[in-house]
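K.L.:
Now for the letters of each chain:
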Amino acid sequence: MSKLPLVLRELHRSETSLGRTLLAVADRHHVEHEVFHLARDLARRPREHVRRLADVGHDHGLTLDPEPRWTVPDRVAAVLRRGGDALGRRPEPGLLLLADLRRLHRKAAGVSLDWELLAQAAQGMKQPRLLELARSCHPETLRIMQWSNAHLKVMSPQIIAS
Amino acid sequence: MDGNTRLCTATAAAALKETFGCDGQPGSYTDVDDADVIALFGHNVAETQPVLWMRILDRLAGQDPPRLVCVDPRDTEVARAARAGGGVHLAPLPGTNLALMNGLLHEIIANGWVDRDYVGAHTVGFAELEQRVVDYPPEKVARICRITPQEIRAAARVLGHAERLLSTVLQGFYQSHQASAAAVQVNNLNLVRGMLGRPGCGILQMNGQPTAENTRECGADGDMSGFRNWSNDAHVADLAGHWNLDPLQIPHMSPPTHAMQMMRYVENGSIGMLWVSATNPAVSMPELARIRKILSRDGLFLVVQDIFRSETAELADVVLPAATWGEKTGCFTNADRTVHLSDKAVDPPGGARPDLDIFLDFARRMGFRDKDGAPFPQWHDAESAFDAWAASTAGRPCDYTGLSHAKLRATPSGVQWPCNVEHPDGTERLYTDGRFFSAPDYCESCGRDLVTGAPLDATRYRVLNPDAKAILKAAEYLPPHEPPTAEHPMVLITGRTLYHFHTRTKTGRVPELQKAAPEVWVECSAGDARRLGLAEGDVVEVATPRGALRARVRVSGIREGVVFLPFHYGYWDTSMSTGTGASRAANELTITDWDPVSKQPLFKTAAARLTRIGSGQGPAPAPTVGASRPVGDGVAATRGGRGARVQELTGAGEA
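In order, the protein sequences belong to chains A and B.
Take 141 as the starting number for the first sequence in my numbering and just add one per residue.
Take -19 as the starting number for the second sequence in my numbering and just add one per residue.
Hints are computed from structural coordinates only; laboratory data are not their basis.
Be aware that a few hints might be false.
[What the hints assert, rightly or not] Lysine-lysine pairs mimicking DSBU-like chemistry, simulated, CA-CA at most 30 Å apart: (1) A:K293 / B:K486; (2) B:K486 / B:K324; (3) A:K293 / B:K351; (4) B:K273 / B:K120; (5) B:K324 / B:K387; (6) A:K143 / A:K266.
In isolation and in its complexed conformation, chain B is listed as follows (with noise of 0.2 Å):
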């Protein structure tokens, strides 16, 4: 079992485990409030969480406003507003994020922004680190990720003066190379400054969406329920406790099985069975030639679950039809820990059933038994799924104990978990007193090697953490597997934009969203099209050692070297087909790759060429707003029309 979170941001989940002992997002969102510095790594919170961002915006156009440091080889909303108010922006080479790391750190213990009080307190493998960093002052690792020394220092005195430092993380590192290992030193960044667990102070591995949060903590991605360890008895026996099962019945002799790694088996045929939920691997995951072999192959019998025909289903043995939110009822938990219901409001469309209701009939179906022989799992509806979740996190880090259906009801913005006896309303923050759920008989990961993703024992983590303490942990910087080449010489990332989201099986289906970015386009920048002789709008050819397509360029603010593509665009409203040279979903050309300790597939960081094939009719059917805006003139702006206008009417008659 696995989530599509493992393509998303199974790395924040890693990362914290690295740091922290227990995945659980330190921070909350509002730190935002009270930041004087906001460092996004790899995080073009613009278009990827724009209601955070527009707190952000209130926060830069009020009185005080923070500091921005951005990371990112686009030139995003972002990396503007670092610039226009006295922060950094850093544009890196794809896939040295670990150097760059390291070389900030370096900056910040040389200079002596080191809080030794805090380190000293509540930290072990400083010493470590401060070694490992050394080899990585600015001259070097602006070489390396191709930037300048200058930038790095002043984006390190940014970081290093800081009062209140908020970090958040996202696909920029987690879907890049050494993942895990650049997440981590962000963790670091907080800690070895002594900022965190006091408002602004915060760190927040962001997610790309609610479900993540649940699909990490109710082990949906393969973990043991409720933040336990698969690798400490006492915690299996106890899960098999709540559930009534034998703790043999409960698979924990390893680490999850993650989703690259299911698909290995579906090719070797070890696995005979899959059953695909509520995502869309035919268009979102790596080497799509690969993966459709894979799903279309003769002894696998694929069970598609999903509220559209996606391009899975179209490879699907049976397609089972699910209700989309509004039509069930159930709980979402966002990426600061906050608890949500979300109440049905209508009835599912024809034979259309929520998930839950699938699964348990199944579940009956199959006759499922407990280790007493009653039906398993014992709960039959939302609710009596929600309490028995609830009574299971009893003592654990995401203790839901004091919330229920009608609590959350009662409290409509939500509830932070944990939320217990002790905190009845819920918690802000983690570690505000600098403890930590790192207890080597509490935690929920020993810990891995974060060159080779090695599972430490539980004995040498006791040596290294006796004391419930955060863990620096260090990491040499490796160059990336698929390098640029004589052949391929640009480096190729996927990413976002404002208007979708993942695969566009919802958003493609709004007029105005669709409206807005109606068709895949590749972004490079001013000095490679001159380079290469292209102008805004013409037919390009993008290739990579896996194959090509075909997309309509836009000139952006993009880094020199990089070549950017959505990778929303699959082939469920299109005549194009794919083999035929015309496919558009920019995973025909990624790498399978993933980061050795969150197994996260990386989606950035593949060897490219861009070919000119002709010229287009106009610009390139891109957004002119977020990182897709065109450095040129004469692209009209995207703008919503008067069919995107709602009114909406609450309390009696208000308008």
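So that you can see chain A by itself, here it is in the shape it has in the complex (with noise of 0.2 Å):
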């Protein structure tokens, strides 16, 4: 029996964390503004991939949620905002940033991994749509962990050297 159903609904788990994850950093790193905003930015297209991922899970007798909770709820997001803006007049957050950036980075690069499995798996089984949709989904994938690393490798010798 086809393990492809596997292989979508675990590609729909890790892009749903992935979603998360680049979320809660923003709010994390409030007062980082690049990270802010490009976080946030970035955070729509894990979002779109689960929208698709669920509305082609159909075809393989799936049923993914299109809309997961995203967000942690408004009143933990304000405390994370605030703990951030406190904090992020002091040094030691920097190291929290670094952290948080590798992380983002290892969490990007299993759902590439994941993309890769299914483009793969697609090829094999002659299935078009699901090539398809690796196809313009794994790029996006790529650019998250692209930036993850670039945006480390930019603020890593300031936060470790001071």
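Two chains, two frames, some hints: make the complex.
P.N.:
Printed below as a string of structure tokens:
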């Protein structure tokens, strides 16, 4: 029996987790303006991917939530932001930022591998719709990987040296 | 290290690097003389570069005038000239430039107005661009930009039928949402139309001032000197050779730390000393309450070097009085690569000294050494510094090796770089043969992702562009980060007036200029004025999520839903003080956000609210010349006076 539904379900899970992580990182680093704005911009992609996965999941007998809960409740987010803002005037959160970017990068790498698995299976099983889905979504996952890597490189010398 | 250029035209440099692999203005001001269509994207040239505008006016008044395409939410002189001459004025909602550009490119491609031969021979990336802009038909773009699909089609028709297209770009794009991505699409427009490197076919990614160009090519914006590539070890070694340094002494582990990030490092305490020379962040940077707090921080040692006691100098630990132009000798390079020499005419007053003298004195006192233990830098005055700079540009795109103070003194109208043995009289326009500075081993930059700004690595660049072509980069439109809301239903943009420069440190001291625009004002449209019950000259409160200020309202031709504030006005010549509800600097209201590619702050995308406070006495203190022209009657025209008249005698007794 095909394990394709398993792959789709795992992708849905990992994309959801990546989207949530992006939003949480944005909230935690509200005072790092570029991180805040970009992480929120980038979080649009996992959201879109999850919708498309839910849609395509029907063909494979899956019921995947197209709109899972993305954020922690507003009240918690506000606390996260206030915490980030208050700590943001001290040097230690720099290390927290590096750790968050590192985690984000690893998470995006996991999702990227999941898209590879889907693309390979779609080719092997002659599933053009799934192949097209992987082709259009995977570059956006790679973009998140590249950004988290690049930003880690840009930020780390000052944070570590100071 | 960073320059005021970061706030001003960093996006020009970024856009050129993305498309051509290297900074450097492709076109020339002389392209104005030959173009049959001039397209100005967010470029109110009549007020920001009035001399260039005079050149355009000459064409408009002459035979066979060019048609203008103007993209600006304000009713500028350029917009008026565009409409009057059979061109098109588009006034999109601020923050939607990229959607508009994608829409225009959609029409150009869909109607077959593409120069396939040029694209095939000289560019990479057309397939991706075509695929991207398919998603931006005029109807969809019209909804995003809140203009009509007919207007988009009309503008595309003018651009698509141009035979010699000159495109120019400035702050309306550079200081707005998705700045670099939008400016890059202007490059794409000229490339897909094959309009580059011939008379009248050019791109002018504009600068605000000549020193912006020098900031970029010398590396005062943190980039490598001479358009070298920080991620290319051979380039860094070459520069180290010129300066007789160990390559490790030249920081090149990542792209330069930009001004906005520096402020963040001061804020969290990891930068302890800041040296501000010839600029005024306490008025010019976004979210001033935050900037003042940062510059006043206990742990910060702030040095300010300026010709006047600016708002930033008020916060300094040490103030170094500097000489101004005319009191020192040095070179300027303008937006079309023309290098000028400006000789010293008079001595600076009192203890004021040229910036170069101050920096060299500092270097000597600090005991900076090159790798052989000799004093670094090796130069000791303006001319020896210029010669060292020229030597270090050998073989680079901005080749100055054919230039010297003597040659520039003998050529008062300037010389356009590259100027070397091969081009002894300089070079009018770049890329005339469809060859670019973009070869992987030669390029200044391997480019960045247009959405995230993440630098591309050299290996990927080599695959993308092995043969030194121009790169067509596409990007999707994303909504602005601070869209209008019920509480703040309008969009605030800040900008310039003809009569003032930057934070008025100079122009505010010229009586005629000061009289023409004596005080801050706020502009809104007639429709919004009616809706809000505002009359010309009423006192209003302008509020954003950062704060509020009061100003008199000018009812102007600006598009509905948009509010304009001039950013020039600070506090040095007013009794107003900050934090009392009586502030007047536009940047009290702007958001801290920057373009991820160019790192230029966004001054033109904030949500705002206008509230009537009361009636003023008479009209707003805004000039009637330029985009602030009132829509109603009864406002006295802005005019010069007798005091502004000058008689200049040249030669032997000629009048």
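K.L.:
Please go over all the hints and tell whether each is borne out by the structure.
P.N.:
Now for the hints, and whether the structure bears them out:
A hinted pair counts as satisfied when its Cα atoms are at most 30 Å apart, and A:K293 with B:K486 does not qualify at roughly 41 Å. A threshold of 30 Å between alpha carbons decides the hint, and for B:K486 with B:K324 the separation of about 19 Å falls inside it, so the pair holds. At roughly 28 Å between alpha-carbon atoms, A:K293 and B:K351 fall within 30 Å of each other, so this suggested pair holds. The straight-line distance between the Cα atoms of B:K273 and B:K120 is roughly 43 Å, outside the 30 Å bound, and the hint therefore fails.
Simply put, B:K324 and B:K387 have alpha-carbon atoms about 17 Å apart, close enough for the 30 Å limit, and the pair holds. Restraint check for A:K143 and A:K266: the C-alpha separation of about 14 Å stays at or below 30 Å, so the hint holds.
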